[in-house]
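Produce the entire structure from the sequences given, and follow the hints as far as they go.
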Amino acid sequence: MRIGIDPGVCEGNAVCEALAPMVFELDDHDQARVIDDVVTPDGSVSDEHRALVERAAEGCPRLAIQVAG
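Each residue of the sequence shown is one higher than the last, beginning at 12 in this note's numbering.
Source of the hints: derived by calculation from the structure; they are not laboratory data.
Backbone N, C-alpha and C define an ideal beta-carbon position, used for all residues, glycine too.
Just so you know, not all the hints are guaranteed correct.
Pair by pair, the computed Cβ-Cβ distance ranges are [what the hints assert, rightly or not]:
1. Asp48 <-> Val78: 15 to 23 Å
2. Pro72 <-> Pro52: 30 to 38 Å
3. Glu22 <-> Pro52: 25 to 33 Å
4. Arg13 <-> Gly70: 14 to 22 Å
5. Arg61 <-> Ala29: 25 to 33 Å
In structure tokens form, the structure reads like this:
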């Protein structure tokens with residue numbers, strides 16, 4: 012599963028961080044980002060985090076999180 016966050020859409024509401032704190036965090040500019048330790052060398056997120064990622068993507072008030080795979 013791959014995750015993309017559109018920085019032009021993200022408002023830094025931190026809903027993703029609240030719903031999936033093991034996967035998302037806000038950076039110094041209050042933009043959502045995927046935590047480095049969660050991403051595999053090929054840029055994917057493991058299946059063990061799938062439910063959290065999907066929940067965060069659905070809960071994002073701006074729909075800034077894209078999920079593929």
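Evaluation of the provided hints:
Between Asp48 and Val78 the beta carbon distance is about 19 Å. The supplied range of 15 to 23 Å therefore holds. In this structure, Pro72 and Pro52 meet the distance hint of 30 to 38 Å, their C-beta atoms being roughly 32 Å apart. Here the CB-CB span from Glu22 to Pro52 is close to 30 Å, well matched to the stated 25 to 33 Å. Checking the proposed 14 to 22 Å range against Arg13 and Gly70 shows it holds: the Cβ atoms sit about 19 Å from each other.
Our hint of 25 to 33 Å for Arg61 and Ala29 is violated, since their Cβ atoms are close to 18 Å apart.
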